[in-house]
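Peer 1: Here the structure of chain A is known, so what remains is to put chain B in place on it, guided by the hints.
What follows is the residue order along each chain.
2 protein chains.
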Amino acid sequence: MPLARSWVESANDPKTDFPLNNLPYGVFSSTGLDPRCGVAIGDSILDCRAAEEAGLIDLGHGPVFDVPFWNEVMEQGPEAWGALRARLTALLGADSTERDTVAPLLVPMEKVRMHMPFLVSEFTDFYAGRHHATNVGTMFRGPENALPPNWLHIPIGYNGRASSVVVSGTPVRRPWGQLKGPDDAAPRFAPCARFDLELEMGAIVGTASDGPVTLDEADAMIFGYVLLNDWSARDIQAWEYQPLGPFQAKATATTISPWIVTRAALEPFRCDTPPREVPLLPHLQDTGPMLYDIDLEIDLAPSGKAATTIARTNYGEMYYSAAQQLAHHTTSGCPMNVGDLLGSGTISGPEKHQRGSLLELSWGGKEPITLDSGETRSFLEDGDTLTLRGAAQGDGYRIGFGACAGTVLPALQDPYDR
Amino acid sequence: MPLARSWVESANDPKTDFPLNNLPYGVFSSTGLDPRCGVAIGDSILDCRAAEEAGLIDLGHGPVFDVPFWNEVMEQGPEAWGALRARLTALLGADSTERDTVAPLLVPMEKVRMHMPFLVSEFTDFYAGRHHATNVGTMFRGPENALPPNWLHIPIGYNGRASSVVVSGTPVRRPWGQLKGPDDAAPRFAPCARFDLELEMGAIVGTASDGPVTLDEADAMIFGYVLLNDWSARDIQAWEYQPLGPFQAKATATTISPWIVTRAALEPFRCDTPPREVPLLPHLQDTGPMLYDIDLEIDLAPSGKAATTIARTNYGEMYYSAAQQLAHHTTSGCPMNVGDLLGSGTISGPEKHQRGSLLELSWGGKEPITLDSGETRSFLEDGDTLTLRGAAQGDGYRIGFGACAGTVLPALQDPYDR
Chain A
0 MPLARSWVES
10 ANDPKTDFPL
20 NNLPYGVFSS
30 TGLDPRCGVA
40 IGDSILDCRA
50 AEEAGLIDLG
60 HGPVFDVPFW
70 NEVMEQGPEA
80 WGALRARLTA
90 LLGADSTERD
100 TVAPLLVPME
110 KVRMHMPFLV
120 SEFTDFYAGR
130 HHATNVGTMF
140 RGPENALPPN
150 WLHIPIGYNG
160 RASSVVVSGT
170 PVRRPWGQLK
180 GPDDAAPRFA
190 PCARFDLELE
200 MGAIVGTASD
210 GPVTLDEADA
220 MIFGYVLLND
230 WSARDIQAWE
240 YQPLGPFQAK
250 ATATTISPWI
260 VTRAALEPFR
270 CDTPPREVPL
280 LPHLQDTGPM
290 LYDIDLEIDL
300 APSGKAATTI
310 ARTNYGEMYY
320 SAAQQLAHHT
330 TSGCPMNVGD
340 LLGSGTISGP
350 EKHQRGSLLE
360 LSWGGKEPIT
370 LDSGETRSFL
380 EDGDTLTLRG
390 AAQGDGYRIG
400 FGACAGTVLP
410 ALQDPYDR
Chain B
0 MPLARSWVES
10 ANDPKTDFPL
20 NNLPYGVFSS
30 TGLDPRCGVA
40 IGDSILDCRA
50 AEEAGLIDLG
60 HGPVFDVPFW
70 NEVMEQGPEA
80 WGALRARLTA
90 LLGADSTERD
100 TVAPLLVPME
110 KVRMHMPFLV
120 SEFTDFYAGR
130 HHATNVGTMF
140 RGPENALPPN
150 WLHIPIGYNG
160 RASSVVVSGT
170 PVRRPWGQLK
180 GPDDAAPRFA
190 PCARFDLELE
200 MGAIVGTASD
210 GPVTLDEADA
220 MIFGYVLLND
230 WSARDIQAWE
240 YQPLGPFQAK
250 ATATTISPWI
260 VTRAALEPFR
270 CDTPPREVPL
280 LPHLQDTGPM
290 LYDIDLEIDL
300 APSGKAATTI
310 ARTNYGEMYY
320 SAAQQLAHHT
330 TSGCPMNVGD
340 LLGSGTISGP
350 EKHQRGSLLE
360 LSWGGKEPIT
370 LDSGETRSFL
380 EDGDTLTLRG
390 AAQGDGYRIG
400 FGACAGTVLP
410 ALQDPYDR
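Protein sequence lines correspond, in order, to chains A and B.
Just so we're aligned, residue 0 is where the first sequence starts under numbering that gives the first Met the number 0, counting upward by one.
Just so we're aligned, residue 0 is where the second sequence starts under numbering that gives the first Met the number 0, counting upward by one.
The shape of chain A in the complex, shown without the other chains (with noise of 0.2 Å):
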């Protein structure tokens, strides 16, 4: 599929993430205007809701931009998704008969302030990387126990704390915790000083479901994609977690790109998960391509310096895709509503300059990374601002998400002391 051209003319330019192919959706807030849903489109934003209340978008059954988050839209089911997506492209595209009426409701991006582009209702993390799997559990394991004997059958995955996840650009303090070292007697209450990030995808469902959905299925009900930071405590992690998995370690913040990426807008880029090392059982096994070819990239900037590439990956990576994570998350009857965030789990490729982790880069601390300014790190230091970028690359045009960054700012003094 070639570039789709706008009268927008940023929009046309290869290098843009938001060409009319895109379309992501957000929530923005600017001066005189509260925060709202928006379009990307170049280097601007459509005010969906001037849009709507100037009679430009219609899905049918009232309005859906009077609140400033996109769960109204996914509630109108995947039939509207397609409605209003062929509408902003007629709004938007080179032919557009309604150029005029449209052209006062862009609003210029480097003007914005974004926002939580959707609810969250309840936030799943998983862990379907095989070479983060791998990698994380070499570490802990040892080589021969890398992989728990279940993560070659089912997308491991653990229910995380939705309230903790927030838009790029939110600084992320670091979190006190619980910690005991290998060598430590006793456990003792401090900062955490393994601060460190995950690379990840996220799904958004956009459908709701009451019972076990087929893969098929789940691949439907999902709206679209984030890349998503799951800021992550290792020190802090590393004594809470057995029996029961991660919990506060996870809990302080999970970072999102503030653009909804539709599955719309991804369509031309699905590809197959890898080959199986062992069958997966027929409920999980693929019916088609349903990963994404999205390279994926991490920057890290010191405080008041250059950022630094330090990994760079691709989502197609993973040996699990959502619709599977989707899939498996409803086969005890689970629930599932619209607004659910699913994380990937961490993106890692097979070289060692793909892994998306510090744990993993810097193998566990043992091997600090360097950084263009010639520092070191193995985690995180107070004021580094982390970047997560990714696109999907089309002929003469890119399927971007925007940056999903955050800073990290120093522990608090007295966690009590307000």
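In case anyone wonders, no lab produced these hints; they're calculated from the structure.
Since we're looking at a predicted model, the values are computed, not measured.
Treat the hints with care, since some could be wrong.
[What the hints assert, rightly or not] 25 Å max Cα-Cα, derived DMTMM-like pairs, lysine to aspartate or glutamate: (1) B/304 / B/285; (2) B/351 / B/271; (3) A/351 / A/285; (4) B/110 / B/99; (5) A/365 / A/97; (6) A/179 / B/285; (7) B/179 / A/143; (8) B/179 / A/285; (9) A/179 / B/99; (10) A/14 / A/394; (11) A/179 / B/143; (12) A/351 / A/298; (13) B/110 / B/52; (14) B/179 / A/296; (15) B/179 / B/416; (16) A/14 / A/298; (17) B/351 / B/298; (18) A/304 / A/381.
Peer 2: Here is chain B on its own, set in the frame of chain A:
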């Protein structure tokens, strides 16, 4: 504190769960009455919506009973909680001057259907019962390694699935899941064969927080308590839970009792946590009695047969209070919201008949229990009705929770056939 007398005569019966001292909060519907908030008093329910519309209740910031859940009341904060309780006590007390106005707003309890009393924001389940953790640990890892190293230092918990929380009376469908017995060569997808209950208390967070809170602050944030049955698929759990904890094994359903018993009503029944084997770190150290002396029991009734009480225990057996769990929950900065639900973890006592799950009562299925009907049980059978009951015993009255019941429906023949 003695019985507080009400003009509703049934509330003065020493055997009622709902004397004037209690005044628990639920949501009910009845012929001609759509779901609405109500307060239990003896064998009746005060229709709070009607009482608010009649001007009998006014919390001062607009209507709070125009919605069928208690979250709006919680949002008003602890001062309003106290004012509401005082007002209800005045309206329903023996000395009430408004008896004639209030009496027509009472609905007979036998004619109502109960609904979820609040919107569950997020659900966290803990593992804070010493006897339960020791029993399960002994079965799985032997008596020397029964308690994980962290257990005496932090209330171990994991995030559960809010969407799966249902009110008492909702049938529970036996789930399918991926299982692998110790002698199976490969996993299979099949109905759960080891379906279990867990007797727990649930604490409801009534005040939001956005950073670490002290133990006293945590205690003050709790709006009330419910009984909670954390249905558990033991065979699914055994295969999936390493390394990230329980997931689908706990996602079929969690049943709560329909009445929120307020912290105020339970005030006279506070008791201490047990002596500490090792001192807790300062931020978790008890500052006063924050557990409650609540007698609990589990009744199991096979289809069409009378119930057998299979266990009796007490909430005071827990090692950690809900306040300690909540304080720990916030250490990382995890934001807590109105409507968050915290499960205590299974409440087992030291004796065999005090065990709060069939896993423990039948010792992993090795010692099936015998019911009054002569049948035996290792795990739940289709058609079994499980009922949890609980009450704090006062001087001539009891603070009861009502029943927390659910019947096990057979697994679907084919979970994907709709």
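Peer 1: Against this structure, judge whether each hint is valid.
Peer 2: We went through each hint and held it up to the structure:
A distance of roughly 45 Å separates the Cα atoms of residue 304 of chain B and residue 285 of chain B; the hinted pair therefore is violated under the 25 Å criterion. Between the alpha carbons of residue 351 of chain B and residue 271 of chain B the distance comes to roughly 23 Å, so the proposed pair stays at or under 25 Å and holds. Pair hint residue 351 of chain A plus residue 285 of chain A does not hold up; C-alpha atoms about 28 Å apart against a cutoff of 25 Å. For a cut-off of 25 Å, the pair hint linking residue 110 of chain B to residue 99 of chain B stands: about 22 Å separates their Cα positions.
For the given pair, residue 365 of chain A sits about 60 Å from residue 97 of chain A by alpha-carbon distance, which is inconsistent with the 25 Å threshold. Under the criterion of a C-alpha separation no larger than 25 Å, the hint pairing residue 179 of chain A with residue 285 of chain B is consistent with the structure, at around 21 Å. Distance check on the hinted pair: residue 179 of chain B and residue 143 of chain A sit about 21 Å apart at the alpha-carbon level, within 25 Å; holds. The hinted pair formed by residue 179 of chain B and residue 285 of chain A meets the criterion: a straight-line CA distance of about 21 Å does not exceed 25 Å.
Of the supplied pair hints, the one linking residue 179 of chain A and residue 99 of chain B is violated, its CA atoms being roughly 63 Å apart against a limit of 25 Å. A C-alpha spacing of about 11 Å is found between residue 14 of chain A and residue 394 of chain A, which places the hinted pair at or below 25 Å, so the restraint holds. Between residue 179 of chain A and residue 143 of chain B the CA atoms are separated by roughly 21 Å; this keeps the pair inside 25 Å, and the hint holds. Proximity of residue 351 of chain A to residue 298 of chain A is assessed by CA-CA distance (about 16 Å); at most 25 Å being required, the pair is judged to hold.
Note on residue 110 of chain B and residue 52 of chain B: the hinted pairing holds, with a Cα-Cα distance of about 22 Å set against a maximum of 25 Å. The suggested pairing of residue 179 of chain B with residue 296 of chain A is violated, with an alpha-carbon distance near 38 Å, which exceeds 25 Å. A threshold of 25 Å between alpha carbons decides the hint, and for residue 179 of chain B with residue 416 of chain B the separation of about 24 Å falls inside it, so the pair holds. For the hint pairing residue 14 of chain A with residue 298 of chain A, the CA-to-CA distance comes to about 18 Å; that is within 25 Å, so the pair holds.
Of the supplied pair hints, the one linking residue 351 of chain B and residue 298 of chain B holds, its CA atoms being roughly 16 Å apart against a limit of 25 Å. For the suggested pair residue 304 of chain A and residue 381 of chain A, the alpha carbons sit about 13 Å apart, so the restraint of at most 25 Å is met.
Hints 1, 3, 5, 9, 14 from the list above are not met by this structure, while the remaining hints are.
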